[in-house]
Amino acid sequence: MVQIVEHIDLNEVYKQLADPAAGGTCIFVGTVRDHSLGNDVTKLNFDTYDTMAISEMEKIRTTAIEKWGLEKAIMIHAVGEKQIGDPVVVVGVAAAHRKEAFPACQFLIDELKKTVPIWKKEFFTDSSHWVSQTP
Amino acid sequence: MIVVKAFGQVKEVLGSELLVNKEMTDVKSLREYLRNEYPTIVWSTVAIAVNTQYAHDPDPISSGDEIALIPPVSGG
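If you read the protein sequences in the order shown, they are chains A and B. Count along the first sequence starting at 1, add 98, and that's the number in this note's numbering. Count along the second sequence starting at 1, add 944, and that's the number in this note's numbering.
Chain A with its partners taken away, still in its complex shape (with noise of 0.2 Å):
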């Protein structure tokens, strides 16, 4: 399943990953930080180019099931404004055991930041910006 919502469950993903077959179950929940760069974080927001972000990540979940035999894969990302300690994205992985669940999980993740096309900007006290490199 991908998805880019308004808001996301954390207990509807972990639901959505049950599988008999699943001995190891890895989940990875990114958060609005309050700090950036030894700035003061206020709120984020995000703008998505909807259809190719769901294209973009269909191509990535699709290469972690093959590459690790994963039961099931989810990557989930929020659109819109966003406060401090809000879940934003959300990829987790069911395999049969833990070897296969982190790493698969940390790719997972990783390609999402290179490759699908969703923007954040960070609001600071004083001003704002769009993030163009991601750590």
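Heads up, a few of these hints could be off.
To be verified - Okay, derived cross-link-like pairs now, PhoX-like style, lysine-lysine, Cα gap no bigger than 20 Å in a straight line:
1. B/K955 <-> A/K219
2. B/K966 <-> A/K219
3. A/K219 <-> A/K157
4. A/K113 <-> A/K170
5. A/K180 <-> A/K211
6. A/K141 <-> A/K197
In short, the hints are calculated from the structure, not lab data. Quick caveat, the model's predicted, so the values are computed rather than measured.
With chain A fixed as given, assemble chain B onto it according to the hints.
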């Protein structure tokens, strides 16, 4: 005429949709047009997508294609 979608920092300069009233045959010709018309944007960092796929300079553009400008992504 082609319609070009813009996102992120490029959208703040061009608006969400840009109408190009000129014949474009490939990605390279569109890129050159944009460079001339909007010199304040750092076009070397902006990818161009055709029909939701990342495209390269030699790739053709036809009327009816969905074209989008993709500045450096920063999801997650």
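Each hint tested on the structure:
Note on B/K955 and A/K219: the hinted pairing holds, with a Cα-Cα distance of about 12 Å set against a maximum of 20 Å. Straight-line distance between C-alpha atoms of B/K966 and A/K219 comes to about 32 Å, which puts the hinted pair past the 20 Å bound. Distance check on the hinted pair: A/K219 and A/K157 sit about 25 Å apart at the alpha-carbon level, beyond 20 Å; violated. Taking the CA atoms of A/K113 and A/K170, the gap is about 11 Å. The hint holds against a cut of 20 Å.
Restraint check: the Cα-Cα separation between A/K180 and A/K211 comes to about 18 Å, which is no more than 20 Å; the hinted pair holds. With a CA separation close to 36 Å, the supplied pair A/K141 and A/K197 exceeds the 20 Å bound.
Taken one by one, the earlier hints fail for this structure at numbers 2, 3 and 6, listed in ascending order.
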